[in-house]
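Chemist: Read off the chains here:
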Amino acid sequence: VTTAVNESAPGGAARHAAGLPRLLPATPEDLRAHLDRYGPTPYRRRANLLIADIEASGLTGRGGAAFPVHRKLALVARAGVRQGRKVVVANGAESEPASRKDEMLLRFAPNLVLDGLQLAAEAVGATEAHLYLHHAPGPQILRALAERSSAGLDWLGVTITQAPPRFLAGQEAAAVNRLGGGPALPTFQPPRVSERGLGGGPTLVQNVETLAHLALIARYGPRWFRAVGTSDEPGSMLTTIYRPGVRAHIREAAIGTPLSALLGTSDGDAAAGPGVQAWLIGGYHGTWLPLPDAAGLTLDNASLRPFGAAAGAGVLAALPSGRCGLAEVARVTGYLAAESAGQCGPCLNGLPRIAAALAELAGSGHRRQTRADLERWSGLVKGRGACNHPDGTVRFVRSALTVFEPEIRRHARGRCCATDHEATDRTPYLPLPDRPPSREEDWT
Amino acid sequence: MAEQLRMNPILCTGHGMCAELLPELVTLDEWGYPIIDPRPVPPALDRDARRAVAACPTLALRLLRSEQPARSG
Numbered sequence: 001v002t003t004a005v006n007e008s009a010p011g012g013a014a015r016h017a018a019g020l021p022r023l024l025p026a027t028p029e030d031l032r033a034h035l036d037r038y039g040p041t042p043y044r045r046r047a048n049l050l051i052a053d054i055e056a057s058g059l060t061g062r063g064g065a066a067f068p069v070h071r072k073l074a075l076v077a078r079a080g081v082r083q084g085r086k087v088v089v090a091n092g093a094e095s096e097p098a099s100r101k102d103e104m105l106l107r108f109a110p111n112l113v114l115d116g117l118q119l120a121a122e123a124v125g126a127t128e129a130h131l132y133l134h135h136a137p138g139p140q141i142l143r144a145l146a147e148r149s150s151a152g153l154d155w156l157g158v159t160i161t162q163a164p165p166r167f168l169a170g171q172e173a174a175a176v177n178r179l180g181g182g183p184a185l186p187t188f189q190p191p192r193v194s195e196r197g198l199g200g201g202p203t204l205v206q207n208v209e210t211l212a213h214l215a216l217i218a219r220y221g222p223r224w225f226r227a228v229g230t231s232d233e234p235g236s237m238l239t240t241i242y243r244p245g246v247r248a249h250i251r252e253a254a255i256g257t258p259l260s261a262l263l264g265t266s267d268g269d270a271a272a273g274p275g276v277q278a279w280l281i282g283g284y285h286g287t288w289l290p291l292p293d294a295a296g297l298t299l300d301n302a303s304l305r306p307f308g309a310a311a312g313a314g315v316l317a318a319l320p321s322g323r324c325g326l327a328e329v330a331r332v333t334g335y336l337a338a339e340s341a342g343q344c345g346p347c348l349n350g351l352p353r354i355a356a357a358l359a360e361l362a363g364s365g366h367r368r369q370t371r372a373d374l375e376r377w378s379g380l381v382k383g384r385g386a387c388n389h390p391d392g393t394v395r396f397v398r399s400a401l402t403v404f405e406p407e408i409r410r411h412a413r414g415r416c417c418a419t420d421h422e423a424t425d426r427t428p429y430l431p432l433p434d435r436p437p438s439r440e441e442d443w444t
Numbered sequence: 001m002a003e004q005l006r007m008n009p010i011l012c013t014g015h016g017m018c019a020e021l022l023p024e025l026v027t028l029d030e031w032g033y034p035i036i037d038p039r040p041v042p043p044a045l046d047r048d049a050r051r052a053v054a055a056c057p058t059l060a061l062r063l064l065r066s067e068q069p070a071r072s073g
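One line per chain: the protein sequences are A and B, in this order.
For the first sequence, the numbering used here begins at 1 and goes up steadily by one.
For the second sequence, the numbering used here begins at 1 and goes up steadily by one.
Be careful, since some hints might not be right.
With a Cα cut of at most 25 Å, we get these calculated SDA-like pairs of lysine to any residue [to be verified]:
| hint | chain 1 | residue 1 | chain 2 | residue 2 |
| --- | --- | --- | --- | --- |
| 1 | A | 382 | B | 47 |
| 2 | A | 382 | B | 23 |
| 3 | A | 382 | B | 17 |
| 4 | A | 382 | A | 372 |
| 5 | A | 382 | A | 343 |
| 6 | A | 382 | B | 15 |
| 7 | A | 382 | B | 43 |
| 8 | A | 382 | B | 6 |
| 9 | A | 382 | B | 30 |
| 10 | A | 382 | B | 66 |
| 11 | A | 382 | B | 11 |
| 12 | A | 382 | A | 78 |
| 13 | A | 382 | A | 371 |
| 14 | A | 382 | B | 16 |
| 15 | A | 382 | B | 8 |
| 16 | A | 382 | B | 10 |
| 17 | A | 382 | B | 38 |
| 18 | A | 382 | B | 64 |
| 19 | A | 382 | A | 67 |
| 20 | A | 382 | A | 290 |
| 21 | A | 382 | B | 37 |
| 22 | A | 382 | A | 426 |
| 23 | A | 382 | B | 59 |
| 24 | A | 382 | A | 367 |
| 25 | A | 382 | B | 60 |
| 26 | A | 382 | B | 44 |
Hints were generated in silico from the structure; no laboratory data involved.
Let's have the full structure, built from the sequences with the hints guiding it.
Modeler: Listed below in structure tokens is the structure:
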């Protein structure tokens with residue numbers, strides 16, 4: 001997968017306008033370019049002061065859950081320092097294989113993320129700051145940290161920790177466990193990490209994109225932030241877009257943008273290239289949407305909710321006609337099953353069975369009870385894990401069973417739309433890690 | 001004060017004692033893991049619920065104070 005910014009950023013004062021992109025410059029920016037563009041980090045010199053601005057802005061977490069940022073900030077700010085610690089974590093683990101936006105942001109605008117980390121640390125009164133990454137730290141982030149350190153910009157030193165390459169490694173409690181030197185495994189909550197996290201200290205975990213938005217709100221204010229987006233879901237978000245005939249790319253989109261403008265439509269109009277049979281919104285814990293029924297939806301949760309969908313961390317995929325949706329779903333679900341932490345019985349037992357049943361549906365001539373088994377197992381795993389992995393997987397699977405129902409019937413008769421189609425393409429479409437995960441693999 | 005059962009699915013290893021001692025509120029799924037009735041424990045089952053909690057070999061089951069009033073029954 002190659003990533004590319006498909007628009008260049010306006011510089012200087014243009015930043016203050018509502019135009020996009022807000023987060024990603026055209027090329028990676030070092031500290032000097034960052035300071036030229038944005039000026040110094042706008043510290044408030046007192047805890048709590050930023051939180052009211054964040055509340056007024058309506059900023060929500062961009063790691064997938066869309067939780068109101070000010071509420072987490074306030075929880076951690078109110079909690080006392082415990083065991084001598086209060087912690088902020090910039091979460092760049094981005095362990096969803098189809099999402100590449102955090103990696104891109106850390107490469108192109110590392111100083112914006114680090115500004116946000118320091119400002120959040122100041123707002124909650126933290127004693128330590130961490131950066132949790134999917135990859136080994138790249139040259140841009142290392143350079144940014146070194147330059148900020150010599151310029152004396154940072155309120156707190158930043159400790160970098162690399163996440164293991166597991167789907168759940170970026171989950172909030174898993175991140176805190178890994179930072180504490182343990183395996184990156186989810187835990188049973190409560191207590192929430194905001195009450196009792198790293199080393200027992202109250203811990204704020206925010207996605208790196210969330211922190212970059214926070215750094216801009218600290219400079220330009222809530223009204224500026226709300227100049228794009230919807231009134232209920234203000235601002236913009238980074239999306240990772242997969243569509244036929246175009247390289248996978250990162251695009252910052254205003255919340256509320258028509259999905260058809262980002263993904264193309266089933267008509268196969270000129271902009272969209274080849275025809276599209278379905279959309280996947282929100283990545284591998286996300287929701288398949290049928291076309292043309294979903295063609296009028298927009299990139300905001302108010303629009304997506306009636307369809308059981310959410311924008312999540314902004315992974316948007318248009319499945320071209322001529323690809324087998326069932327084969328894609330079976331492949332991804334096999335990956336999700338292998339990525340269960342194996343800690344909770346229903347997930348450990350249910351997901352591999354669900355994955356095997358989908359593989360059977362993606363073949364030809366499945367057994368009669370397979371559909372009923374899938375429904376029952378989906379019901380049995382949902383809501384019964386310590387983390388949301390079973391629920392997210394079931395959302396993905398159930399929506400696929402609905403959207404690809406006609407395809408399931410064709411496969412039952414030994415046919416497949418992909419083979420009926422002239423431009424048959426059997427190569428995998430949705431990205432998965434090259435190296436298959438192994439249960440024995442270390443989680444650290 | 002009404003209480004409700006809360007199960008830590010990471011600690012639970014599917015011994016099934018809870019379903020044996022409290023079949024009114026706990027059933028087992030096809031893999032032997034408990035499915036717990038999320039509603040407050042009715043007073044009539046309070047003693048059985050306490051026994052189920054005490055019998056769990058992995059200490060996965062607990063009784064927590066509930067915000068909802070108890071069902072009668």
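Chemist: Which hint numbers doesn't this structure obey?
Modeler: 1, 7, 12, 22, 26
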